[in-house]
Amino acid sequence: MVRLAYVQLAGCCGCLVSLADTYERLLDILDEVELVYCQTLMDEREIPECDVAVVEGAVCLNHEECVEVARGLEEKADTIVALGACAATGNFMRYSRGNEQSAPTHEAFVPLTEVVDVDYAIPGCPPAPEAIERFLTLLLEGKTDLLEPFAKLAEGKTEYCGCDLMYHVVNKNMCMGCGTCAAACPTRAIEIVDGRPVVNEDRCIKCGACFTQCPRTIWPGDDAIKELVMGGEEE
Amino acid sequence: MSELKEIMVKGDEGLLGEHLGVFTARSTERRILRVTQDGGIVSSIMVYGLEEGKFDGVIAAVADPDDPEEPWKPRPVVITDPDEVLEAAGTKYTYCPNVSVLKEAVRSHGCERVAMVGTPCQVRAVRKAQLLPVGMRHVPDKIELLIGIICMENFPYEGLKTMVEQLCGVWMREVAKMDIGKGKFWVYTDDGEVKSIPIDETHPFEGEPCHVCTDYCAELSDLTAGSVGSPDGWSTVIVRTEKALELLEEMVEQGLLEVKSIEEVKPGLGLVEKLAQAKKNKNQKEIEERKELGLPEPGKVHEQL
Ligand SMILES: Cc1cc2nc3c(=O)[nH]c(=O)nc-3n(C[C@H](O)[C@H](O)[C@H](O)COP(=O)(O)OP(=O)(O)OC[C@H]3O[C@@H](n4cnc5c(N)ncnc54)[C@H](O)[C@@H]3O)c2cc1C
Ligand code: SF4
Ligand code: SF4
Ligand code: SF4
Numbered sequence: 003m004v005r006l007a008y009v010q011l012a013g014c015c016g017c018l019v020s021l022a023d024t025y026e027r028l029l030d031i032l033d034e035v036e037l038v039y040c041q042t043l044m045d046e047r048e049i050p051e052c053d054v055a056v057v058e059g060a061v062c063l064n065h066e067e068c069v070e071v072a073r074g075l076e077e078k079a080d081t082i083v084a085l086g087a088c089a090a091t092g093n094f095m096r097y098s099r100g101n102e103q104s105a106p107t108h109e110a111f112v113p114l115t116e117v118v119d120v121d122y123a124i125p126g127c128p129p130a131p132e133a134i135e136r137f138l139t140l141l142l143e144g145k146t147d148l149l150e151p152f153a154k155l156a157e158g159k160t161e162y163c164g165c166d167l168m169y170h171v172v173n174k175n176m177c178m179g180c181g182t183c184a185a186a187c188p189t190r191a192i193e194i195v196d197g198r199p200v201v202n203e204d205r206c207i208k209c210g211a212c213f214t215q216c217p218r219t220i221w222p223g224d225d226a227i228k229e230l231v232m233g234g235e236e237e
Numbered sequence: 046m047s048e049l050k051e052i053m054v055k056g057d058e059g060l061l062g063e064h065l066g067v068f069t070a071r072s073t074e075r076r077i078l079r080v081t082q083d084g085g086i087v088s089s090i091m092v093y094g095l096e097e098g099k100f101d102g103v104i105a106a107v108a109d110p111d112d113p114e115e116p117w118k119p120r121p122v123v124i125t126d127p128d129e130v131l132e133a134a135g136t137k138y139t140y141c142p143n144v145s146v147l148k149e150a151v152r153s154h155g156c157e158r159v160a161m162v163g164t165p166c167q168v169r170a171v172r173k174a175q176l177l178p179v180g181m182r183h184v185p186d187k188i189e190l191l192i193g194i195i196c197m198e199n200f201p202y203e204g205l206k207t208m209v210e211q212l213c214g215v216w217m218r219e220v221a222k223m224d225i226g227k228g229k230f231w232v233y234t235d236d237g238e239v240k241s242i243p244i245d246e247t248h249p250f251e252g253e254p255c256h257v258c259t260d261y262c263a264e265l266s267d268l269t270a271g272s273v274g275s276p277d278g279w280s281t282v283i284v285r286t287e288k289a290l291e292l293l294e295e296m297v298e299q300g301l302l303e304v305k306s307i308e309e310v311k312p313g314l315g316l317v318e319k320l321a322q323a324k325k326n327k328n329q330k331e332i333e334e335r336k337e338l339g340l341p342e343p344g345k346v347h348e349q350l
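These protein sequence lines are chains S and L, in that order.
If you count the first sequence from 1, position 64 lands on 66 in this note's numbering, and the numbers rise without skipping.
If you count the second sequence from 1, position 74 lands on 119 in this note's numbering, and the numbers rise without skipping.
Bear in mind the hints are in silico, worked out from the structure with no lab data behind them.
All of these numbers come straight from a predicted model, not from anything done at the bench.
Each hint should be verified, as a subset may be incorrect.
Stated by the list, open to error - Here are the simulated DSS-like cross-link-like pairs (lysine-lysine), alpha carbons at most 25 angstroms apart as the crow flies:
# : chain 1 : residue 1 : chain 2 : residue 2
1 : S       : K228      : L       : K222
2 : S       : K154      : L       : K327
3 : L       : K227      : L       : K206
4 : L       : K288      : S       : K228
5 : S       : K228      : L       : K206
6 : L       : K206      : L       : K240
7 : L       : K99       : S       : K228
8 : L       : K227      : L       : K327
Unchecked claim - Covered stretches of chain S, going by a simulated chain L footprint (3 or more residues, C-beta under 8 angstroms):
#  : stretch
9  : 122–133
10 : 171–179
11 : 185–195
12 : 214–221
13 : 224–230
All C-beta atoms in this analysis are idealised placements derived from N, C-alpha and C, irrespective of residue type, glycine included.
One chain only, chain L, in its complex shape:
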């Protein structure tokens, strides 16, 4: 049995989505960990996949912190050179239309094996595009790997800016990294300053469309990475498909990933499940309230026309 299979455990599939196993991991490469959000799992997979020719293109979100107009505003990119993967590392807490470049990746860049990172909603969008690809000519069979990221909510750009500039008192262009964890929204500046506000203060800026979303763990991904459940600098990884498992096993074998049982670390899988449940409860309630107002239910708009 592989090292990975030995340490993987299973959680509640009703909350995490169907999976083969969960574990904790981080990259073994300093150059990766220096720029990534958590354990650098997403970026490591992209670099490895491109280097080994498993993917010939990856879709990720790039932001320029020094943009004079809109610092930190992400845009989706198709990356074909492993050396460029790290330019897209790190979480941007605002909407980035990763799926918008999917057809371009296949048709303009000629990619045959695309990997995409996306929030749970974006992973869902791509899966639907594979099932019923009405406007996705030649896309469905070119998707090699969907890497989900755990997601509680997202923010419109101006909301994020307000949180950073007005509530944390830091100019967007001075920001080196943003993070959510331990009940707070954190901003790290280029000068090494750290500011934070309680997560409650960010709620008014959450995008409303996130409040009808009940998927926390990107339940339809090949694998999902998140920070919750694992210690700082490590990622919680949920593996769902054999394809993803094989890839991760190879990376562990080659010493690219350091892995641990999630049962050995704090806060552990229980917290992931607790937050998944919280998201499902809260947003299901919102969906019910919307229905009472006569608003359409997500996924059923066509039925109500």
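The following block holds chain S by itself, in its conformation from the complex:
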């Protein structure tokens, strides 16, 4: 049985709620793992050794314990998953400037991918329940070849945000105006004008959903789609 720790750093719990939103599928997933740590659901104080650590939230560089927990993960977990944009790519935590009443000196929040070697990153704010379910199912089934895109995203080279969509898709002559990015955006920052996205940068929270969802940035392969989507699994 896979030993799984769910670690919450500087996040809002939204990713955990999204995971729970998979409803009955959550129970199936829980059947296949041994949950060994989860601050919200369990009384366990120390992260034990585990196979997989699923991490939500950013790392606060001004908070010693938070940095320690993050750094310690490499020792404790065989596989580290950055779940959600705060852990994966930065998200709106990038815009934090401190001066919040609860902890006025906490102002540097960076994604986990910037602090430790992360194996897989799942952008989105929060990632859709179905995406988390798909990811965990593939991970538990050991179909790591299909997780390759998430491994690549874990390198954390950029935010994979609306700007990246402009630089790497539209500006490289690859956007055919399907509109997927606009549908994926949780803040409605994207409008398709004359067949191309226009990103309202004031609204963009850098969640990475648009870039990750665009069919021209990351193509998972026709075979995976035929097997897992068209094979009738969805019905």
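Chain S is already provided as a structure; the job is to place chain L with the ligands on it using the hints.
The following block gives chain L with the ligands in isolation, referenced to the frame of chain S:
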């Protein structure tokens, strides 16, 4: 065996995508054929699906030929009333972001069984959204049917306008229908005039992003419809999934579709395969050339960052 199964034939799956069979068809309803592009297959399926409650929403492209600013510029719509399906009939030869309203269909319109028509690239986008739905909460299992349309290329709006107004000499708002076939781009006007230009003259206006696309037949659709291969007023239909086959069999049984073996008609399946091959060759070459220039490969952008 159903009538449909009897006449279906199989083609080269390397070119057409995996399929159960191909045939030629058209709607039996005059009100549909009057406004649709070819055999009205796409619209017929949408009307039937909505009427029978198989879908509770369909996504299609609507354009207003009389729009004072941008006549014929399409926008995606979610249609829930079968009577409104025909308002979206007909091909608009410019990009229309059909997928942009997918989440809206599910979340704002509350649709549970959505059908979408789309170009091959749009069908691919939705399939990816079902496989890895990072930003597509509650969408993946609400997609009932993906209807692909065969597509060689598309045009930016201003390119299309130039083709129509400058090369064909017709104002956009006078256009009743546009079509590509028999080596030409055709414009039919409201007054019954017909203008055409050789397809070669349209090439400079093709959208560049279409040149890295190697999917001609919407290989990941449930079914695909196109004009190529079938006579005027008929559609070539490629059926891929059991779900689509059942739906089409029902429609044939109920007399909504007239069907023929594609082997009985001209130009036939060979032309579909020939053009699919041509698109794949040409655009694969373009992808290779782009790589030499250091440009990213479609689908692998994340690897190159
Ligand atoms: C850009 C483009 C290029 C095409 N190229 C070819 C080709 O090379 N060879 C070929 O055989 N067929 C091609 N087609 C398909 C063909 O024009 C017909 O759409 C198809 O044969 C279906 O005919 P129908 O009578 O069943 O469609 P209809 O019943 O008229 O329905 C067509 C449906 O397509 C939707 N639609 C129209 N324009 C767009 C658009 N731009 N984007 C998304 N959806 C749209 C409409 O809303 C409508 O629901 C192309 C279509 C498009 C949009
Ligand atoms: S998802 Fe990608 S290809 Fe589609 S409109 Fe957005 S940027 Fe363009
Ligand atoms: S544009 Fe929207 S989807 Fe893209 S990163 Fe910004 S908020 Fe996220
Ligand atoms: S050629 Fe390809 S990219 Fe262009 S509209 Fe058609 S399917 Fe889309």
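Now for the hints, and whether the structure bears them out:
The straight-line distance between the Cα atoms of S:K228 and L:K222 is roughly 36 angstroms, outside the 25 angstroms bound, and the hint therefore fails. For a cut-off of 25 angstroms, the pair hint linking S:K154 to L:K327 is broken: about 30 angstroms separates their Cα positions. At most 25 angstroms may separate the alpha-carbon atoms for a hinted pair to count; L:K227 and L:K206 meet this at roughly 21 angstroms. Note on L:K288 and S:K228: the hinted pairing holds, with a Cα-Cα distance of about 14 angstroms set against a maximum of 25 angstroms.
A distance of roughly 38 angstroms separates the Cα atoms of S:K228 and L:K206; the hinted pair therefore is violated under the 25 angstroms criterion. Pair hint L:K206 plus L:K240 holds up; C-alpha atoms about 14 angstroms apart against a cutoff of 25 angstroms. In summary, the hint linking L:K99 to S:K228 is supported, as the alpha carbons are separated by about 23 angstroms, within the 25 angstroms threshold. Pair hint L:K227 plus L:K327 holds up; C-alpha atoms about 20 angstroms apart against a cutoff of 25 angstroms.
Closer than 8 angstroms: that is the beta-carbon criterion, and the stretch 122–133 of chain S has 8 residues meeting it against chain L, so the requirement of 3 holds. Residues of the stretch 171–179 of chain S with a Cβ under 8 angstroms from some Cβ of chain L number 7, which satisfies the need for three, so the listed coverage holds. Note: the stretch 185–195 of chain S has 5 residues with beta-carbon separation from chain L under 8 angstroms; the three-residue rule is met and the coverage holds. Coverage of the stretch 214–221 of chain S by chain L holds in this model, with 8 residues showing a Cβ closer than 8 angstroms to a Cβ of that chain against a need of three.
For the stretch 224–230 of chain S, the proposed coverage by chain L is satisfied: 5 residues have a C-beta within less than 8 angstroms of a C-beta in that chain, meeting the threshold of three.
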